[in-house]
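Residue 786 is where the sequence shown starts when you use this note's numbering, and the numbers rise one by one after that.
Keep in mind that the hints were calculated from the coordinates and are not lab data.
Careful: at least some of the hints might be erroneous.
[To be verified] Here are the simulated DSBU-like pairs of lysine-lysine, each with C-alpha atoms no more than 35 Å apart in a straight line:
no., residue 1, residue 2
1, Lys818, Lys805
2, Lys858, Lys818
3, Lys799, Lys909
4, Lys841, Lys1038
5, Lys822, Lys852
6, Lys941, Lys952
7, Lys828, Lys862
8, Lys841, Lys1048
9, Lys909, Lys974
10, Lys862, Lys822
11, Lys982, Lys942
12, Lys828, Lys901
13, Lys1038, Lys852
14, Lys828, Lys952
15, Lys1029, Lys974
16, Lys901, Lys1029
17, Lys1048, Lys969
18, Lys974, Lys818
19, Lys818, Lys1029
20, Lys818, Lys942
21, Lys822, Lys858
22, Lys822, Lys982
23, Lys862, Lys941
24, Lys1029, Lys852
25, Lys1029, Lys805
26, Lys969, Lys805
27, Lys799, Lys969
28, Lys1048, Lys909
Only a predicted model underlies this, so the values are computations on that prediction, with no experimental measurement involved.
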Amino acid sequence: MRLDVFLSENGYVKSRETAKRMITEGGITLNGKICTKASADIKPEDRIELCAPLPKYVGRGGLKLEKALESFKISVKGLVCVDIGASTGGFTDCMLQNSAEYVYAVDVGHGQLDEKLLSDPRVKNMEGVNVRDVTASDFDRRIDFISADVSFISLKKVIPVMYGLLKENGRAVMLVKPQFECGKSEIGKNGIVRSEKVHRAVLSDIMSFCRSSGFSVMGADFSPIQGGDGNIEYLLYVSKDSGKVTVLPDCAKVVSEAHSCFKAQKK
């Protein structure tokens, strides 16, 4: 039996996806040694132990949204939400754990959403859906809150869609990823964008685009964890109530704090 299957079927974790994540992140030992191979063949005599705490969310993205909710003092209690770029459902899980009423999990991919969320009646799995083709008529409820975590496309392709989906005074949190917003010449080795100057320019540009799309920019912060490729990412909070907030967050301060934080972690 595979290690990930063994862990999920024997109650070590709640789902096979969680098992895979714990294994790849080095959270499982097999006969006293860390095993990072989910397909490792398990024999009856093998000794398996968890050497790290169980993940709080089904995907590490949940930690990113968690910081946004805390930093921007957002309550999603009782709200109808959309998770754009849901993947395994870290953001969706975070919303539900913070008492969201219902979440539409939208992703262009297939077969990614965690089993725990697939079986949750508060979640609608909208897999194989390109969010750029979505309109408000595709949802049977009015949307109060949206989260967006997209890759390989600019947020500028998604922001107008978000505006169209949200009800008046609806709010959204988006993850700004410099590597998908800047020019190719500004991307360094291993796909990492290290320049604070580029980060400031990207964050400022996305804020301005949000405003020109009709949003008020309510706040900005940096993600508490880096992306899977090692890039620093940023959290942007907007509201569909154009004109209420006219002063943009301080990009330079947010970027400086982000770089200082992750440099300190490497020491």
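* For the pair supplied as a hint, Lys828 and Lys952, confirm whether the alpha-carbon distance does not exceed 35 Å. => Between Lys828 and Lys952 the Cα gap is close to 54 Å, so the pair fails against 35 Å, i.e. violated.
* Asked: Going straight from one Cα to the other, do Lys828 and Lys901 come out at no more than 35 Å?
  -> 27 Å, holds
* Asked: Holds or violated: are the alpha carbons of Lys941 and Lys952 at most 35 Å from each other?
  -> 20 Å, holds
* Asked: Between Lys799 and Lys969, is the straight-line Cα distance small enough, at 35 Å or below?
  -> 41 Å, violated
* Asked: Do the alpha carbons of Lys862 and Lys941 lie within 35 Å of each other, as the hint requires?
  -> 28 Å, holds
* Asked: Are the Cα positions of Lys799 and Lys909 separated by 35 Å at most?
  -> It holds: about 20 Å lies between the C-alpha atoms, which stays within 35 Å.
* For the pair we were handed, Lys1029 and Lys805, check the Cα-Cα distance against 35 Å. => Roughly 45 Å between the alpha carbons, so the hint for Lys1029 and Lys805 is violated.
* Asked: Is the straight-line distance between the alpha-carbon of Lys841 and that of Lys1038 35 Å or less?
  -> Holds, because 29 Å separates the two Cα atoms, which is no more than 35 Å.
* Asked: Under the criterion that the straight-line Cα-Cα distance not exceed 35 Å, is the pair Lys969, Lys805 satisfied?
  -> Status holds; Cα separation ~33 Å.
* Given the hint that Lys982 pairs with Lys942, does the C-alpha gap stay at or below 35 Å? -> 23 Å, holds
* Under the criterion that the straight-line Cα-Cα distance not exceed 35 Å, is the pair Lys818, Lys1029 satisfied? -> 56 Å, violated
* Asked: Are the Cα positions of Lys1048 and Lys969 separated by 35 Å at most?
  -> Between Lys1048 and Lys969 the Cα gap is close to 24 Å, so the pair holds against 35 Å.
Consistency with the previously given hints fails for numbers 2, 7, 9, 10, 14, 15, 16, 19, 20, 21, 22, 25, 27, 28, ordered from lowest to highest.
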